[in-house]
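There are 2 protein chains.
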Amino acid sequence: MATNEDNVFKALADGSRRALLDRLRVCNGLTLNELCEGHEMTRQAVTKHLAVLEAADLVVTKWRGREKLHYLNPVPINEIYTRWIGKFERGRLQALDNLKEALEEDRHE
Amino acid sequence: MATNEDNVFKALADGSRRALLDRLRVCNGLTLNELCEGHEMTRQAVTKHLAVLEAADLVVTKWRGREKLHYLNPVPINEIYTRWIGKFERGRLQALDNLKEALEEDRHE
DNA sequence: TAAATATGCAACCAAAGGGTTGCGTTGTCA
DNA sequence: TGACAACGCAACCCTTTGGTTGCATATTTA
Chain A
1 MATNEDNVFK
11 ALADGSRRAL
21 LDRLRVCNGL
31 TLNELCEGHE
41 MTRQAVTKHL
51 AVLEAADLVV
61 TKWRGREKLH
71 YLNPVPINEI
81 YTRWIGKFER
91 GRLQALDNLK
101 EALEEDRHE
Chain B
1 MATNEDNVFK
11 ALADGSRRAL
21 LDRLRVCNGL
31 TLNELCEGHE
41 MTRQAVTKHL
51 AVLEAADLVV
61 TKWRGREKLH
71 YLNPVPINEI
81 YTRWIGKFER
91 GRLQALDNLK
101 EALEEDRHE
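Residue numbers (our numbering), protein chains in the order written: chain A, 1 to 109; chain B, 1 to 109.
Hints in this document: simulated from the structure, not taken from any laboratory.
Watch out, some of these pointers could steer you wrong.
No distinction is drawn between identical chains; accordingly, a pair holds when it is met within one copy or between any pair of copies.
[Stated by the list, open to error] BS3-like mimics (lysine-lysine), calculated; alpha carbons at most 30 Å apart, straight line:
{"hint": "1", "residue 1": "K48", "residue 2": "K68"}
{"hint": "2", "residue 1": "K68", "residue 2": "K87"}
{"hint": "3", "residue 1": "K62", "residue 2": "K100"}
{"hint": "4", "residue 1": "K68", "residue 2": "K100"}
{"hint": "5", "residue 1": "K87", "residue 2": "K62"}
{"hint": "6", "residue 1": "K68", "residue 2": "K10"}
{"hint": "7", "residue 1": "K48", "residue 2": "K62"}
{"hint": "8", "residue 1": "K100", "residue 2": "K48"}
Start from the sequences, fold in the hints, and give me the full structure.
Quick look at the structure:
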């Protein structure tokens, strides 16, 4: 079952987009204009970033008159966490051991 | 203090690179040639991907004769998890509530 | 030492990304 | 109704990215 994994990772790859998510995390339901404030780019650039976030289902929008409200959807991030990051977290100490051991060998050779 | 956050997110944005990390998670210390097996690209393409992973400190290498061994470094992923994903996980239920509430309004209007 | 193996380096290419500008559309309000 | 405000669409541009091919270098091994 192919999840949205790739879209989510790609969406998170850009710092501006992560900043937008951060804004929404703190203050959910902002309009496009509000999201533009504090960013040094045009509205259209922000629009494009939001489109990427929407495509990844990280942001859900809703119209209120002429305003577009943006809501954070925490589900995709949670999925990335549970089914991808989780795998690495589980084997984390083991991997650290492997690494240390491998680097240690050099000192003895 | 600027961490390697951006490099890590960018490195994780590509599916081939995530696959390489997965391989190393299961079988740490693989050589370049071994990592090339099963991938439908040239050795040079894999080399480039590994370079990106190294730049993000997700992979650490060590030479054994003419072979280059690749080890997974779990630290950056853990940092992303604790200091970025964590923020969103903490406000997760709240964000879900916001979202549901916003979508519910439509049905009553 | 010669051949084979494992990897690096550099040039090149097409496609994707992040950004801009210009203009059109829709909703609000005096 | 007319002006303004919030947003969408599309063309264009430069840089980055993911990939290739060709050749060089270093280490084994026969």
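**Prompt:** Is it within, between, both, or neither for K87 and K62, if the alpha carbons may be no more than 30 Å apart?
**Reply:** Intra 35 Å, inter 24 Å, cutoff 30 Å: inter-copy only.
**Asked** How would you label the pair K62, K100 (within, between, both, or neither) given a Cα cut-off of 30 Å?
**Response** between (50 Å within a copy, 12 Å between copies)
**Request:** At 30 Å max between alpha carbons, let me know whether K48 reaches K62 within a copy, between copies, both or neither.
**Result:** Within. Shortest intra-copy distance 17 Å satisfies the 30 Å Cα cut-off; inter-copy 41 Å does not.
**Item:** 30 Å Cα threshold - placement of K68 relative to K48
**Value:** Classified as within; 14 Å inside a copy, 41 Å across copies.
**Request:** Classify it for me, K68 with K87: is the Cα-Cα distance of at most 30 Å met within a copy, between copies, both or neither?
**Result:** between (37 Å within a copy, 25 Å between copies)
**Identical-chain pair category, K68 with K100, by Cα at 30 Å** = between (51 Å within a copy, 16 Å between copies)
**Message:** Within, between, both or neither: how does the pair K68, K10 come out at a Cα-Cα threshold of 30 Å?
**Reply:** The answer is both: 24 Å in one copy and 29 Å across copies each meet 30 Å.
**Copy assignment of K100 with K48, given that the CA separation must stay at most 30 Å** = between (43 Å within a copy, 25 Å between copies)
Of the numbered hints stated above, none is contradicted by the structure.
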